[in-house]
Structures are given as C-alpha cells and as structure tokens.
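S.K.: All chains, full assembly: derive it from the sequences and hints.
2 protein chains.
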Amino acid sequence: MSAAVIGYDQAMGRWEPNARGRLEQAALELYVERGFEQTTVAEIAQRAGLTERTFFRHFADKREVLFQGAASLQELLVNAVAGTPASSAPIDAIAAALAAAGAVLGERRESARQRQTVIAANPELRERELIKLASLATALANALRARGVRDPTAGLAAEAGIAVFKIAFERWVEESNQRDLPLLMRESLDELRAVTAGG
Amino acid sequence: MSAAVIGYDQAMGRWEPNARGRLEQAALELYVERGFEQTTVAEIAQRAGLTERTFFRHFADKREVLFQGAASLQELLVNAVAGTPASSAPIDAIAAALAAAGAVLGERRESARQRQTVIAANPELRERELIKLASLATALANALRARGVRDPTAGLAAEAGIAVFKIAFERWVEESNQRDLPLLMRESLDELRAVTAGG
DNA sequence: CCGGTCGATGTCAGCTACTGCCATCACTAT
DNA sequence: ATAGTGATGGCAGTAGCTGACATCGACCGG
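Just so you know, the protein sequences line up as chains A and B, in that order.
Each residue of the first sequence is one higher than the one before, starting from 3 at the first, in my numbering.
Each residue of the second sequence is one higher than the one before, starting from 3 at the first, in my numbering.
To be clear, the hints were calculated from the coordinates, so they are not data collected in a lab.
Don't take every hint at face value.
Identical copies carry no separate label here, and so any pair may be met within one copy or between two of them.
No farther apart than 25 angstroms at their CA atoms in a straight line, the calculated lysine-lysine pairs in the DSS-like style are these [unchecked claim]:
1. K168 <-> K64
2. K134 <-> K64
3. K134 <-> K168
None of these values were measured; they are calculated from a predicted model.
M.R.: What follows is the structure in structure tokens.
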C-alpha cells in the first residue's frame with residue numbers, strides 16, 4: 003500500500019486513490035498473464051493493495067471488470083441514432099450508429115485486441131460479451147422506436163446492426179492491419195445488403 | 003428411491019432407470035415453482051432421488067439442464083442448409099434452415115413458452131441462451147462455407163439468419179396466438195429484406 | 001459357477017465466487 | 001468537539017462445482 007508505487011505527492015486520504023482503477027489494472031494484467039480462470043479475486047485484490055470484499059464493491063462479479071466501457075458505448079450508439087435527421091430510414095440511423103462506434107473503438111487498437119484475446123479464450127467471458135451486445139441491440143431498438151419506427155422493424159434493424167457490428171469487429175481484430183474499423187463497418191453493412199437482396 | 007413411484011415391473015438394475023430424465027424433470031419443476039436462483043442443485047437432486055454429485059455428472063452446470071435441445075436444433079439447421087440445392091443463394095439456404103427450425107419448434111408451444119419464461123426471468127440463463135444462439139450462428143456459417151460461400155458473406159448471412167430467428171421466436175412466444183412459427187420466420191425474413199433494402 | 005472388469009452412483013473434502021453484517025477510520029459540516 | 005458519512009477491512013456463511021476414492025450390481029470370459 004505504498005504511495006510511491008503510484009507516484010503521488012499531494013495530500014491524500016486514508017487510502018491510496020483510485021481503488022477502482024487499480025483493481026481494473028490488476029485484473030487485466032492477471033487475466034493476460036495467467037488467464038481468466040486461473041486468476042482468483044483474492045489475487046487481484048492483493049495486487050491492487052485491497053481486499054476481496056472491496057473488489058466486489060466496485061464490480062458486480064469477476065467478469066464485469068472487462069466490460070466497463072459497455073455503458074458508454076451504448077450511450078454513443080443511442081445518441082448517434084437520435085442525432086440522425088428524422089427523415090432518415092432506419093437502416094441509415096443504424097449506419098450512423100455503427101460509424102460512430104467504429105470511430106471511437108477504432109482507436110486503441112492493441113488494447114482492444116488484447117482484451118478480445120482474453121474474452122475469446124473463455125466461455126464465461128463470451129457469455130458476458132454476448133449479453134452486452136444484446137443489451138446494445140435492445141437500446142438501439144428503443145432508440146428507433148422513439149423515432150417512430152414500428153415493430154418488428156425496429157427490433158430487426160437493431161439486431162441486423164449488431165450483427166454487422168460483430169462481424170466487422172471480428173474482422174478488424176483478426177486482420178493483420180490495413181483497413182480501419184469504420185471502413186469495415188461500412189463494408190460489412192454493404193455485404194449484408196447484398197446478401198439479403200438475393201432470394 | 004422406490005420403484006413404485008415410476009411404476010416399473012421388469013427386472014431392474016441397481017438404480018432407478020432414467021436418472022438424467024428425472025433430474026431434468028425435477029429441475030424444470032423447481033425452476034418454475036420457485037425460480038432458478040431460489041433452487042439449489044441439492045434440492046433438484048433430492049427430488050430426483052439422487053445426489054448433487056450425480057447431477058453434475060449429467061449436466062455441466064445448473065443452467066445446462068434447460069438447454070438440452072440445443073445440439074439437435076443445431077444439427078437440424080445445418081442439415082437444412084446442406085440439403086439445399088447447390089445453386090441456391092446463401093439467403094435461401096438460411097431461409098430453408100429457418101423453415102425447418104420453425105416447423106420443429108412450432109410444436110409444443112406451451113412448453114416452449116414456459117421454458118422461455120424461466121429463461122427471460124434470469125440474466126444467467128439469458129447469457130447461456132445467447133451463447134447457444136451464437137453457436138448456432140457459427141455452425142450455420144460453417145455450413146455455408148462448406149457450400150463454397152466466402153467470408154464475410156457466410157458469417158453475415160448466418161448472423162442475419164439468427165437475428166431473424168430471435169425476432170420471430172420472440173414474437174411467437176409473446177403473441178396471444180394465431181400465426182404459427184414458420185410463418186413468422188418468413189415474415190421476419192421479409193421484414194429484414196425490406197429494412198436493409200433502403201439506404 | 002467364479003473372478004475380474006466396468007459403469008453409474010455415493011461419499012467426502014475442498015476451492016472459490018459472492019453476500020451480509022458490523023467495525024474502523026479519516027474527512028467534513030456544524 | 002461531536003456527529004455524520006463514505007470507503008474500506010474482517011469475518012462468517014452459502015452454494016456452485018471438482019477431484020479422489022469407495023461401492024455395488026451387471027456383464028463377460030473361462
């Protein structure tokens with residue numbers, strides 16, 4: 003619990019500052035070093051200079067540490083839909099949301115890739131990721147309904163948007179490089195259009 | 003552990019037969035009666051006349067009891083795709099898979115509805131459901147690739163198919179009645195076509 | 001008929017995620 | 001000073017899940 007570790011010189015309280023941030027960093031490190039399952043919450047807390055009990059005061063469970071950004075991403079998507087001209091078709095509102103998400107997520111490529119490696123290696127984490135994506139779909143559908151889009155169109159457009167998101171993100175993480183995320187989002191959406199057009 | 007409970011008159015082995023089936027039934031009953039979280043594995047085992055340890059020999063975890071049919075559903079979808087004429091477009095192969103799934107799931111409406119009520123009431127169960135659907139999407143994509151469909155088309159078509167599946171199934175469970183599942187599958191697919199056509 | 005193997009279950013000990021309850025201790029407002 | 005507040009520690013307890021070993025009937029070769 004020494005302040006020197008963090009390099010901190012102003013007056014401080016009873017405890018080191020930024021407990022949540024230290025827990026998050028410690029968890030990420032350990033998940034990468036040993037894997038998610040092989041890491042206990044006690045170990046995370048110890049590395050952060052805190053106790054197990056405190057970890058669970060900051061994070062609902064051991065997985066949630068990896069999904070901090072989900073809420074802000076959801077906000078971003080919803081705002082993008084809401085900010086689209088009222089005359090736009092649902093699919094264009096979705097496209098705007100995907101563009102916004104791609105622009106934000108497109109930065110910090112390496113940390114995203116590392117995070118995705120951890121998640122992909124563990125079924126429990128994949129489950130959590132999927133329910134976060136489902137939550138995004140629900141939020142997108144609600145945003146569309148707020149613009150007067152009816153069911154089942156709203157739900158379908160939202161689910162389709164998330165499908166495009168998933169595929170584009172997957173390609174972006176896997177590819178050695180070159181194309182950036184917003185471009186892959188556009189390409190994947192065009193691909194979906196092409197695929198559904200037939201028949 | 004009396005045989006009379008089951009009504010069984012031929013020579014029997016050391017234990018009552020169909021341990022797995024008894025566990026499944028006991029679990030379903032308890033999940034409906036008290037809810038998933040309020041049910042312990044020890045209670046399930048007791049009702050089935052077995053021990054907790056035996057439960058975990060038959061089911062990987064407490065949730066898995068509710069997802070027994072996932073494997074056969076996946077097989078059904080894959081076979082439907084494989085059985086489509088080689089000249090069909092990807093979207094038509096997906097449509098065939100959805101039709102097959104709709105036909106099979108469309109029966110036993112009440113039990114499906116009951117099961118869905120239990121799942122919807124619990125986030126852990128929703129997570130498990132989502133990863134099963136993701137597994138279906140992966141299997142569908144592989145089936146398409148086996149027919150020569152390239153990426154990212156295969157992945158996108160599969161994800162879009164699962165999106166349609168989700169929406170149609172949801173509508174089918176919620177609606178008071180009337181339209182059957184295969185019809186809702188077709189309608190939802192048409193709706194997706196309409197939504198993506200714009201823009 | 002006999003002994004050995006095998007498969008399904010029981011028993012028990014143990015780990016770990018997660019929770020509830022209360023104590024502690026600095027900081028702050030009055 | 002004193003009381004209140006907020007973040008943390010400490011501790012006991014529940015429940016999901018696993019590994020190791022014992023048990024016992026079925027089955028099979030001799």
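S.K.: If a hint holds in the structure, say so; if it doesn't, say that too.
M.R.: Status of the hints after comparison with the structure:
1. Taking CA atoms no more than 25 angstroms apart as the test, K168 paired with K64 passes inside one copy only; the shortest distance there is 24 angstroms, against 29 angstroms between copies.
2. For the identical chains of this complex, K134 and K64 are neighbours both inside a copy (15 angstroms) and across copies (22 angstroms), given an alpha-carbon limit of 25 angstroms.
3. Taking the closest pair of Cα atoms, K134 and K168 come within 25 angstroms of each other both inside a single copy (12 angstroms) and across two copies (16 angstroms).
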